[in-house]
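K.L.:
Letter by letter, the chains look like this.
Number of protein chains: 2
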Amino acid sequence: MKLASLKGPSRDGTLVVVNRALTRAVKAGAVAPTMQHALEHWDAVAPKLRDVAATLEGGNERHAFDFQAALGEGRVDAPLPRAYEWLDGSAYLSHVERVRRARNDKVPESFYKDPLMYQGGAGSMMGARDPIRVLAEEWGVDLEGEVAAIVGDVAMGATPRQAADAIRLVTLVNDVSFRRLIPAELAKGFGFVNGKGANALAPVAVTPDELGEKWAEGRLHLRLVCEVNGKRLGNPDAGTDAQFGLDELIAHAAKTRELAAGTLVGTGTISNHDKSVGYACLMEARLVEQVELGEAKTPFLHFGDRVKIEMLGASGESIFGAIDQRVEKYSPPALGAGE
Amino acid sequence: MKLASLKGPSRDGTLVVVNRALTRAVKAGAVAPTMQHALEHWDAVAPKLRDVAATLEGGNERHAFDFQAALGEGRVDAPLPRAYEWLDGSAYLSHVERVRRARNDKVPESFYKDPLMYQGGAGSMMGARDPIRVLAEEWGVDLEGEVAAIVGDVAMGATPRQAADAIRLVTLVNDVSFRRLIPAELAKGFGFVNGKGANALAPVAVTPDELGEKWAEGRLHLRLVCEVNGKRLGNPDAGTDAQFGLDELIAHAAKTRELAAGTLVGTGTISNHDKSVGYACLMEARLVEQVELGEAKTPFLHFGDRVKIEMLGASGESIFGAIDQRVEKYSPPALGAGE
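The listed protein sequences derive, respectively, from chains L and W. Each residue of the first sequence is one higher than the last, beginning at 0 in numbering that gives the first Met the number 0. Each residue of the second sequence is one higher than the last, beginning at 0 in numbering that gives the first Met the number 0.
Please note that the accuracy of each hint is not assured.
In the EDC-like style, the derived pairs of lysine to aspartate or glutamate whose C-alpha atoms are separated by at most 16 angstroms in a straight line are [what the hints assert, rightly or not]:
(1) 254/L - 136/W
(2) 213/L - 240/L
(3) 187/L - 104/W
If the Cβ cut is set under 7 angstroms, some of the chain L residues that face chain W in the computed set are [stated by the list, open to error]:
(4) 185
(5) 190
(6) 259
Rather than coming from a laboratory, the hints here were simulated on the basis of the structure. Glycine included, C-beta positions come from ideal geometry on N, C-alpha and C.
Model the full assembly from the supplied sequences, consistent with the hints where possible.
P.N.:
In structure tokens:
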């Protein structure tokens, strides 16, 4: 089953069921008005949503609309338009290794057993076609292509097995990062506040069964295709070199607290040790250039630049739809123009 | 105006208006079903809520109920039962100074200009009388008494003046911390995930005008009274030694992103340079003992211990009501017993 949200009428959006090909969709309506509602009442709601999905797949859904058209018209929000918690791991140690090697540092031994994770903001997620709005290019605007799980309620102290059972949906994330702000902020020791922007999610989130055998041990064994201005940046395999699965990352997040339904847990930037596959963020390309060429040549994102993040199935079909965003200069909303 | 939330029927609770003396309350009903709804539609909703408050204050509200009874019966939730973002500053540098002195370190000069801040979880806030549930006393369970602002929508790059205008409500927070987990977690460099638990808010949140002249420059010039097992831990003045006001902390949080209505921004643990006033967390008492006596004598919280955090007005009245919690052993909810 594939789910998405249309923008409005409330900030939680309107839940829609989407067919496998991502061409047709239908509002979930009375079954569950919003994704957050569905996640909070999953056991009761999911079977009904599956019925809608089956009807839609069979072409018998009278009220279906053209999902691609809605996407093109900017009417599609993030599948979960806002999340109460966004906990982002750093499961791919080749990413961490490259960052640290550039400053002549190593990956601590503990990172192989104890996941690195930060808590970020997700109070207003970007839809997959929404612009990345920033005040200044000088922040060093970068993409980070990731896989994320949206969970149901998770008990404090849950095991990875219990965490895996709580994974309701899987999707892709663009965890926008401001590279030039990060060193000074991390030096303060309390993690990221200014160094990370709003995140975008892929157009749809899918139940794990949609991923078949590609979903195993909390890992998605498919390549993440990342492009900048239509040029391939990389297509690392999300199933390779993942030190931790999403099950383990969720269990780590839940060690000392309950996670509420709708919590979003990310893998961190997908990265492979084999650098011939390229990268899912500009920073890694720059760090490798710095080590190999003496200087970073790949620029960070400028206004007008376009970023695309997508994952393709065995037949080349887009599983989650593409995150496809342009970088824009932010201007504050006019006073009183808010909702 | 003073606002609170009753528990249920949804996870967002039910918004109620409370009188100044915190004795009577009435459901906001059709005006705004939940606090989150009120915050998202503040300009339209606040005048109506003020009308309800005036009627209640005049004793003419037919459907009013006993707020203290509801509190005693555990029916009162946090005023904002869940928040999309919880951004906690560290405005009181005597707190930072004591933590660092204990490890022979100083407060970096930059901390006087650039606020220390972390992002925490707020997907399920504790009500003021809810137990603090932890799996292990060995985590080093501690309270942190703070003041927090609940804001409306804040534009990216907002000035402190604009941030001040976005403060809708002020309340108290118990930012529960697990001291023995923090050193190893902070050493990883990405901030807190396991080191902090769920937060509790005071029974009510109040509009800044309720605070009169005690609210100035984003600071609340009143003492925060903290007790453990009925014994005074400290009553530091929240208006003294605050390096940053909540206006500046909100502006810091909004430097590179919009903050959505319902975002919660905290001052960090209230602390004064004058140690004769005591402390708003056990850790500081321990650190001072360590420096002065060679060892920490004040224990962290054990199961059964009781924590009280309150702020009193000029006539000794409780402005926000007391956070009053016991520490309990956590047991996971039975399978299928969730909502």
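K.L.:
If a hint holds in the structure, say so; if it does not, say that too.
P.N.:
Now the hints, each set against the structure:
{"no.": "1", "hint": "254/L - 136/W", "result": "holds, 14 angstroms"}
{"no.": "2", "hint": "213/L - 240/L", "result": "holds, 15 angstroms"}
{"no.": "3", "hint": "187/L - 104/W", "result": "holds, 13 angstroms"}
{"no.": "4", "hint": "185", "result": "holds, 6 angstroms"}
{"no.": "5", "hint": "190", "result": "holds, 2 angstroms"}
{"no.": "6", "hint": "259", "result": "holds, 4 angstroms"}
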